[in-house]
Amino acid sequence: MARNKNEEKKERKITVKELKRQSFLLIVSFVVVVYGIIFYYLPLTGWIMAFENYKPKKGLLGSTFVGLDKFKFLFGDDVFIKVIRNTFAMGVINLVTTTVMAVLFAILLNEIRRSWIKKPIQTISYLPHFLSWIVVTSILHVSLSPTGIVNDLLLRFGIINQAINFFAFPKYFWPIVAFANCWKETGWNAIIYLSAITAIDPALYEAASIDGADRLQKIRYITFPGIKPTFLILLLMNVGNVLNAGFEVQYLLGNGLVQSVSQTIDIYVLKWGISQNDYSLGTAAGLFKSAVSIAIILIANSIAKKYSDQRLF
Amino acid sequence: MKHRVRKSTSDIIFEIVVVVFMVCFVTITLYPVINTIALSFNDGIDAVRGGIYLWPRKFSLKNYKTVFAMQNIWVGARVTVARTIIATVTSLFANALLAFVVSRKRFLFKSQLSLFWVITMYVNGGMIPIFLLYKNLGLTGTFHVYWIPGMISAFNMLVMRTYMEGIPESLEESAQLDGAGYFTIFKDIVSPLCKPVYATIALFIAVWQWNSWFDAMLYNRMKTEYTTLQYELMKLLSSVMQQSGSAENAKNGAATITPITIRSAVTVATMLPIVCLYPFLQRYFVTGLTIGGVKE
Amino acid sequence: MKLKKVTALLLSFAMMASVLAGCGSQAGTSAPASDGGAATATDGGSSDTASASGEVTDFTMFITMPGSEINDDNEIASLIADKWGVKVKETWLTGQTASEATGTLIAGGEYPDFIDSDEMNLLIDAEALIPLDDYIDQYPEFRDTWFTPEEWDKFRQPDGHIYWINPFGNTMGETKQTTHNDEAFWIQVRVLEWAGYPKIETMDDYFKLLEDYMAANPTMDDGTENMAYTILCEDWRYFCLENAGQFLAGYPNDGSVIVNKSNMTIEDYNTSEDTKLYLKKLNEEYQKGFVDPESFTQTYDEYIAKLSTGRVLGMVDQWWDFAYTVNDSFKQSGLDLKGCNYVPLGLTTKPGMENRWHTYDDTVNQASGIAITTDCKDPDKAFKFLVDCAMDQELHDLRFWGVQGVDYDVDADGLYYRTDEQRQNWADTTYQAAHRCQYSYFPQWHGTSRDGKNANKPEEQPSEFMNDMSAPLKACFDAYGYTTYPQFIGSVVETNGPWFPMYSYSNNFTTETPGGVAWAKMGETKHEWLPKVVMAPDFEKGWSDYMDAYSACKPEDFIGEMQDILDTFK
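Protein chains in written order, with the numbering used here: chain A, 1 to 313; chain B, 314 to 609; chain C, 610 to 1179.
By construction, these hints were calculated from the structure, which means they are not laboratory data. Source: prediction; values computed, not measured. Heads up, the beta-carbon is just placed ideally off N, CA and C, and yes, glycines get one too. Treat the hints with care, as some may be off.
[As the list claims (entries may be wrong)] Derived CB-CB ranges, DEER-like: (1) 1154(C) to 374(B): 51 to 57 Å; (2) 829(C) to 100(A): 43 to 49 Å; (3) 586(B) to 260(A): 52 to 58 Å; (4) 62(A) to 406(B): 39 to 45 Å; (5) 333(B) to 18(A): 39 to 45 Å; (6) 336(B) to 805(C): 55 to 61 Å; (7) 170(A) to 1106(C): 41 to 47 Å; (8) 372(B) to 805(C): 38 to 44 Å; (9) 159(A) to 333(B): 18 to 24 Å; (10) 336(B) to 208(A): 52 to 58 Å; (11) 372(B) to 984(C): 47 to 53 Å; (12) 1165(C) to 454(B): 47 to 53 Å; (13) 758(C) to 66(A): 26 to 32 Å.
If we strip away everything but chain A, and leave its shape as in the complex, we get (with noise of 0.2 Å):
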């Protein structure tokens, strides 16, 4: 690797024949960097919003400066900050829930040998994906009811004596969706953990065969370093996210009682902004979240890069 790194270092000196030689390389990169201005880098001139009071007639230009006030309403508010706290719990337990149901559940398809089995059941895993959060919601809520199926088990195995009504304590609710999540996503999210593991060559799980590895070990030293490169990188992009941790699971699992741990900031702003005409409260709570995702991937990036040979960048 160190060897790899200084080579690295030599070879990227710009000179006018490595910049002949990767001509190619030259070209597709500008074109695609324009292609990412344009469609990417321009519109954030909207940000501006976050900084005035827009008006649509008005546009981005004419609308009246405000300065910070937006910011100012975002975190002069208890429940915002309330609310953060939630995206970023929700975000994090979401975020380790899946990525370990997926890779688990990889790991363990790849395990099966024979293909009549192991086909239909990754056709069956990610079926839930197509299904939309309401259809998806909406049965756990039946399932999850003091009359639903699930206390129905634990009143008949005699884990409880009453049933509980999960949707009506907070307690309840973090878990609740990150099971939603695991529910719909884990074969989806397994899909490219299954096309990582085909990477790697056969002949390795023979050679450990042959030196008498049982099968905990060939995927402990075999198939999860084959996917590692996957997994960091794709942890990497997704810790970014953390504050993405979604809108339709918490607005339709959600209800009064439970709404001091259910609110994430993309609802509070559909609440405060959007439904009150306040298109740059949005764009405010928008930025906020950009700068935050910015900063723990360029952290999360430099982890990456002194502990791993992985990175975003």
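Place chains B and C on chain A using the hints.
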């Protein structure tokens, strides 16, 4: 794997764990799907009472009839198929090429270019600025708004980059010695080895395109000829929801469809084509593929 | 080799796609053409009739509410186009909020010909609407029938112009209203029947009756357990818990506040004695186990499912929120024959009080309505059509009753009636798209048709109403000697003040004013605290905690701003 090694105790335990896990997983995962299918074949009014789990209680094809009798559904289906194919091809190509560029170890602006794209994942100008941009570019009211704006996605690109980085550099070097240019390396050396990841990303793009409706609503609201399947279905759903909740529109005897069953029929109708397409892609990332035995 | 195959595959895909795209765009260009083809078929016949009013003008309209689109070749729309020379393509809200949709329209700067938005102020700011005053004066008959001068004035904006006309809530001639399309405490007729049809006046009577019935009949015939009372609390539908206080105190549905007419002041019902009594009663019933324990967590679908099983004896709700679905379900499962249908009660906290649960007057919401935009291709014709919708009975009948002989029949007395099949067709989504065209956001009437016999809307036709009743329901009506639902309520008949309903103002509050901020925070607090108060083991403690949280929202800012609005009516 061909020559079977005698199973150790730990392997037997392990296999039991795998089987138990898979049985639980499949049961839990399959349930909402079966429930949705059951509801989609159930009479609407009857379904309102709840209590339908695995099988319809009062069988009816009314929901599907309603869905397929919508006037623009076939126009929408055609546009959706077209946008899915065009966008999958173009977007896969663009993302793969970009991933190839940033995965070249010797590329001069490797990390700057990556950063440039990583940032795009976390910033968003908002609906109105984007709308104005597309309008000024002349994309609104056209088919192109479906495939041009989302062509490159940092997420897809980075997944592919990671995969490409795992391909031994020696392959590239030996090709270069033979005088191959970068495009040839991309086309003839890297791409064939990337089939699993290409299949994966193609699936992602295709599903994303297939399910998109917000762009159709926002940019082509008045253009019936560019409506998409999902937008038509969304319109149906939101009108049915409205009907059950409004004093003005409801009333009158036998309103035999309700949001729950229509929603289910719409879901099944959306899911089916993708499920049919899936096996063709699946073989690339389930069956496995040997990378030409080259070791670093 | 393999790569070649892939390339070939990609190429063929691309070709297929371009062919498909070609189809798509061809369909695009040909769609209007075939549309025109369909239209010419009818146009051919109509060119004579339409010649008087000229060509058929195609207008577009955007409504910021979800709704059903009709087919381009919709039969009644074509009939209307032939005769009145106008065809309107309606587009409805999908997956956005009204404000987002309006915002994007304004940002894009292109408008449909007609618009009905919940965010009219944005459109005025954007100068997107044309003033209608001159047009209104061109049609004096319409002007004088549709609104009174005071009502018109409510629509005048600060610049003195009128930009939109609310199409709803106008009654022509004698009212034909048979339903109580508002909020009430509802009770199943089997409970009333069991008790010998007593007179229920107060909240205490109501819950006493529910308790007694539960004691005598813990289950239904089939063994399903009865449930005395449930509360829907989901999202915006929490009005089922939230605002009964104002009614129980005898006030009408101003929604967000109480207007005390005697001294013209705004009062807050959230903190009123009657609301406290109401919540205390609910708390008591909850502790006794008569309130559904799932009340505060159930979703709307679960609530409707629960009502549809027929086991819920009573609840507070708006008629339109549950009755259509639940009554259909009862009819299908035969529960209507077991007396599961609901009738409304006009309860108060104390006996002998007047109640105003039912609003007899037209409720004119001045905050929104149909408007013509500056992009409209022919404002004169557009406005004329708007007037036709209100003033032409033939057009009105076509929109709401349909085609005579197809959608309804006329009996010897000239009364319209529908057969079961006609009623079913009319409610069928596919039939609606192909045949029915209500232009439901254009002006329309309730009450009696210009022929003096029929109702303007089929659902108000007395024969339609009576046809629908099950035996136990009919028995209940007969026992009390009532013929309509509002009679069960027995509200005071009086005219509401010109400010009514106050919610039409508070709905437009934004966070730009302190009152608007307070209003939003109050809603948030109530969502969380009202359930807690009802479930509190110690009511007084729960109530005082709630009051602390509530007063932290500064409700006085909100009340103050509402008072300012009310003062303009002094």
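We went through each hint and held it up to the structure:
no.: 1; hint: 1154(C) to 374(B): 51 to 57 Å; result: 54 Å, holds
no.: 2; hint: 829(C) to 100(A): 43 to 49 Å; result: 47 Å, holds
no.: 3; hint: 586(B) to 260(A): 52 to 58 Å; result: 42 Å, violated
no.: 4; hint: 62(A) to 406(B): 39 to 45 Å; result: 41 Å, holds
no.: 5; hint: 333(B) to 18(A): 39 to 45 Å; result: 57 Å, violated
no.: 6; hint: 336(B) to 805(C): 55 to 61 Å; result: 58 Å, holds
no.: 7; hint: 170(A) to 1106(C): 41 to 47 Å; result: 43 Å, holds
no.: 8; hint: 372(B) to 805(C): 38 to 44 Å; result: 43 Å, holds
no.: 9; hint: 159(A) to 333(B): 18 to 24 Å; result: 19 Å, holds
no.: 10; hint: 336(B) to 208(A): 52 to 58 Å; result: 27 Å, violated
no.: 11; hint: 372(B) to 984(C): 47 to 53 Å; result: 49 Å, holds
no.: 12; hint: 1165(C) to 454(B): 47 to 53 Å; result: 50 Å, holds
no.: 13; hint: 758(C) to 66(A): 26 to 32 Å; result: 41 Å, violated
Figure legend: structure checked against the earlier numbered hints; hints not met, in rising order: 3, 5, 10 and 13.
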